[in-house]
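Sequences listed follow chains A and B, in order. Each residue of the first sequence is one higher than the one before, starting from 90 at the first, in our numbering. Each residue of the second sequence is one higher than the one before, starting from 66 at the first, in our numbering.
Calculated directly from the structure, the hints in this document are not laboratory data. Quantities reported herein were computed from a predicted structural model and do not represent experimental measurements. Treat the hints loosely; a few may be bogus.
Taking CB as the label site, the calculated pair distances span [said to hold, decoys possible]:
no., chain 1, residue 1, chain 2, residue 2, range
1, A, Ser-101, B, Met-84, 44 to 52 Å
2, B, Asn-130, A, Asp-190, 40 to 48 Å
3, B, Gly-105, A, Ser-117, 18 to 26 Å
Facing chain B, according to a computed beta carbon distance under 8 Å, are these residues of chain A, among others [claimed, not checked]:
no., residue
4, Ile-109
5, Leu-123
6, Glu-131
7, Gly-132
8, Phe-135
9, Phe-193
Here chain A is said to cover these stretches of chain B; the calculated rule only asks that three of the stretch's residues, wherever they fall, bring their Cβ under 8 Å from a Cβ of chain A [as the list claims (entries may be wrong)]:
no., segment
10, 106-113
11, 168-179
Glycine residues also receive a C-beta, built at the ideal position from the N, C-alpha and C atoms.
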Amino acid sequence: DQQVKQNSPSLSVQEGRISILNCDYTNSMFDYFLWYKKYPAEGPTFLISISSIKDKNEDGRFTVFLNKSAKHLSLHIVPSQPGDSAVYFCAASAGLYNNNDMRFGAGTRLTVKP
Amino acid sequence: NAGVTQTPKFQVLKTGQSMTLQCAQDMNHNSMYWYRQDPGMGLRLIYYSASEGTTDKGEVPNGYNVSRLNKREFSLRLESAAPSQTSVYFCASSTRTGYSNQPQHFGDGTRLSIL
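Throw the hints in and build the complete structure from the sequences for me.
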């Protein structure tokens, strides 16, 4: 059972515009969420995270929004740059002290066109 | 600054063969993890090691064994490879196990094909 779902396998945006990547989860016990970014032939790298006590966390061009009632989170990239082209994974864990059972979505491939 | 190093990067095995995937980290992290990534699915945890000398099962441990050789190294062994184990394997490490706010650092993966 996929408890974390990224329903859009791919997304294409123009350079300078906003990229919005979405993630839905089913387990109401999840309370810590992370986004990882992955380039081809490399491992995932941590991008940004959010705790369930917040509904927004911002780091430069990257902002993550959490809607707990809808069990939905999104990653906004503004402005998008060609170097942002990568696969983005959403991950969730139940409990700040339980990242041993982190569940990952299948990923969304973002392409930013010059 | 190497981070997490996995060897080999690619491997082809025949069904029934055995193999050990190696992982080493140079960040003095206590915790290490093995994941597999299959098409259309997210990363799934196979085994993890909270600290030197301890290992625990993750979500999909069947068919695998692990060894935490020392603080730096964590190996994954397939005793009798099966086609269902064809996947990309990622090793990761983090400062402390169980703390989600201390993200994991990943290696570049091992692409394993079993014929």
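Now for the hints, and whether the structure bears them out:
For the pair Ser-101 (chain A) and Met-84 (chain B), the beta carbons lie near 38 Å from each other, so the given range of 44 to 52 Å is not met. Restraint check, Asn-130 (chain B) to Asp-190 (chain A): a C-beta distance of roughly 20 Å breaks the suggested window 40 to 48 Å. Checked against the hint of 18 to 26 Å, the pair Gly-105 (chain B) and Ser-117 (chain A) passes, with Cβ atoms roughly 25 Å apart. For Ile-109 (chain A), the interface hint is violated, since its Cβ never comes within 8 Å of a Cβ in chain B; the closest pair sits about 19 Å apart.
Because the smallest distance between the Cβ of Leu-123 (chain A) and any Cβ of chain B comes to about 6 Å, under 8 Å, the interface hint for this residue holds. At about 5 Å, the closest approach between the beta carbon of Glu-131 (chain A) and any beta carbon in chain B falls short of 8 Å, and the interface hint on this residue holds. A hinted interface residue such as Gly-132 (chain A) counts as satisfied when its beta carbon comes closer than 8 Å to some beta carbon of chain B; here the least separation is about 3 Å, so the hint holds. For Phe-135 (chain A), the interface hint holds, the least distance from its beta-carbon to any beta-carbon of chain B being 4 Å, beneath 8 Å.
A hinted interface residue such as Phe-193 (chain A) counts as satisfied when its beta carbon comes closer than 8 Å to some beta carbon of chain B; here the least separation is about 3 Å, so the hint holds. Check on the segment 106-113 of chain B: 6 of its residues sit with their Cβ under 8 Å from a Cβ of chain A, so the three-residue criterion for coverage holds. Closer than 8 Å: that is the beta-carbon criterion, and the segment 168-179 of chain B has 7 residues meeting it against chain A, so the requirement of 3 holds.
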